[in-house]
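J.: If you want the building blocks of each chain, they are given just below.
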Amino acid sequence: SQKIEQNSEALNIQEGKTATLTCNYTNYSPAYLQWYRQDPGRGPVFLLLIRENEKEKRKERLKVTFDTTLKQSLFHITASQPADSATYLCALVRLQAGTALIFGKGTTLSVSS
Amino acid sequence: DVKVTQSSRYLVKRTGEKVFLECVQDMDHENMFWYRQDPGLGLRLIYFSYDVKMKEKGDIPEGYSVSREKKERFSLILESASTNQTSMYLCASSFPPPTDYGYTFGSGTRLTVV
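If you read the protein sequences in the order shown, they are chains A and B.
The first sequence begins at 186 in this note's numbering and counts up by one.
The second sequence begins at 24 in this note's numbering and counts up by one.
Just so you know, these hints were derived from the structure itself, not from any lab.
Among the clues, some could well be false.
[As the list claims (entries may be wrong)] The list that follows gives simulated cross-link-like pairs (lysine-lysine, DSS-like), each with its CA atoms no further than 25 Å apart:
{"id": "1", "chain 1": "A", "residue 1": "244", "chain 2": "B", "residue 2": "26"}
{"id": "2", "chain 1": "A", "residue 1": "202", "chain 2": "A", "residue 2": "244"}
{"id": "3", "chain 1": "A", "residue 1": "244", "chain 2": "A", "residue 2": "256"}
{"id": "4", "chain 1": "B", "residue 1": "94", "chain 2": "B", "residue 2": "78"}
{"id": "5", "chain 1": "A", "residue 1": "242", "chain 2": "A", "residue 2": "188"}
{"id": "6", "chain 1": "B", "residue 1": "94", "chain 2": "B", "residue 2": "76"}
{"id": "7", "chain 1": "A", "residue 1": "188", "chain 2": "B", "residue 2": "80"}
{"id": "8", "chain 1": "A", "residue 1": "290", "chain 2": "B", "residue 2": "80"}
{"id": "9", "chain 1": "B", "residue 1": "78", "chain 2": "B", "residue 2": "93"}
[To be verified] Pair ranges (Cβ atoms, derived):
{"id": "10", "chain 1": "B", "residue 1": "86", "chain 2": "A", "residue 2": "194", "range": "38 to 48 Å"}
{"id": "11", "chain 1": "B", "residue 1": "43", "chain 2": "A", "residue 2": "193", "range": "47 to 57 Å"}
{"id": "12", "chain 1": "A", "residue 1": "194", "chain 2": "B", "residue 2": "84", "range": "25 to 35 Å"}
{"id": "13", "chain 1": "B", "residue 1": "39", "chain 2": "A", "residue 2": "240", "range": "52 to 62 Å"}
{"id": "14", "chain 1": "A", "residue 1": "295", "chain 2": "B", "residue 2": "92", "range": "37 to 47 Å"}
{"id": "15", "chain 1": "B", "residue 1": "106", "chain 2": "A", "residue 2": "194", "range": "21 to 31 Å"}
{"id": "16", "chain 1": "A", "residue 1": "194", "chain 2": "B", "residue 2": "92", "range": "34 to 44 Å"}
{"id": "17", "chain 1": "A", "residue 1": "253", "chain 2": "B", "residue 2": "86", "range": "30 to 40 Å"}
{"id": "18", "chain 1": "A", "residue 1": "226", "chain 2": "B", "residue 2": "106", "range": "17 to 27 Å"}
{"id": "19", "chain 1": "B", "residue 1": "82", "chain 2": "A", "residue 2": "226", "range": "20 to 30 Å"}
{"id": "20", "chain 1": "A", "residue 1": "297", "chain 2": "B", "residue 2": "124", "range": "29 to 39 Å"}
{"id": "21", "chain 1": "B", "residue 1": "73", "chain 2": "A", "residue 2": "297", "range": "36 to 46 Å"}
{"id": "22", "chain 1": "B", "residue 1": "63", "chain 2": "A", "residue 2": "197", "range": "14 to 24 Å"}
{"id": "23", "chain 1": "B", "residue 1": "109", "chain 2": "A", "residue 2": "261", "range": "30 to 40 Å"}
Idealized CB from N, CA, C, for every residue including glycine.
Generate the whole structure from the sequences, applying the supplied hints.
T.: Here you go:
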């Protein structure tokens, strides 16, 4: 069955550094992959979508890469700030028919000043 | 500002009660989804809908049903609430692919079944 793994449950970095989060998937070839941010007690917020024919996508301080050979996406936050502290989720379309997303369990990022 | 609104932020119900969780979106999205989120298990898909009166089972539909009578409203029904349905419930909506936009989620309903 398809699987999504976000390798780290938690990541702690210092303000100003680049945070790099990893999302790996197996038994699957998704057409696109999405990243979301979730703050405690709130619903996830969509950040970026990257398609299988795109190697990299950027939005302000965020950068996402998508390597379909390695079956991996990397999510980078440059010049990180304490306000970036949150849980970050990657998501793929379910293998079964339809377009509903399945989500990884998330990586909780803490940025200290 | 576009919105997905869930009717309650916190809900406490008794075992065996029939529970209705309501979700309304104002973005004219065709697709709507219900997830539950539990510590250590992440977000799990319960049901989804691509159009009015249409519904599809997700990965954990047992003990739940849904209703979509209007495009903007998608209701989740717990037929007979049980303690293992204590969870955070999240509703989301989206346009069908291809789109550069992801899901818009509501703020969630934290349901406790006692």
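J.: Report the numbers of all earlier hints that the structure fails to satisfy, in ascending order.
T.: As far as the earlier hints go, 10, 11 are violated by this structure, in ascending order.
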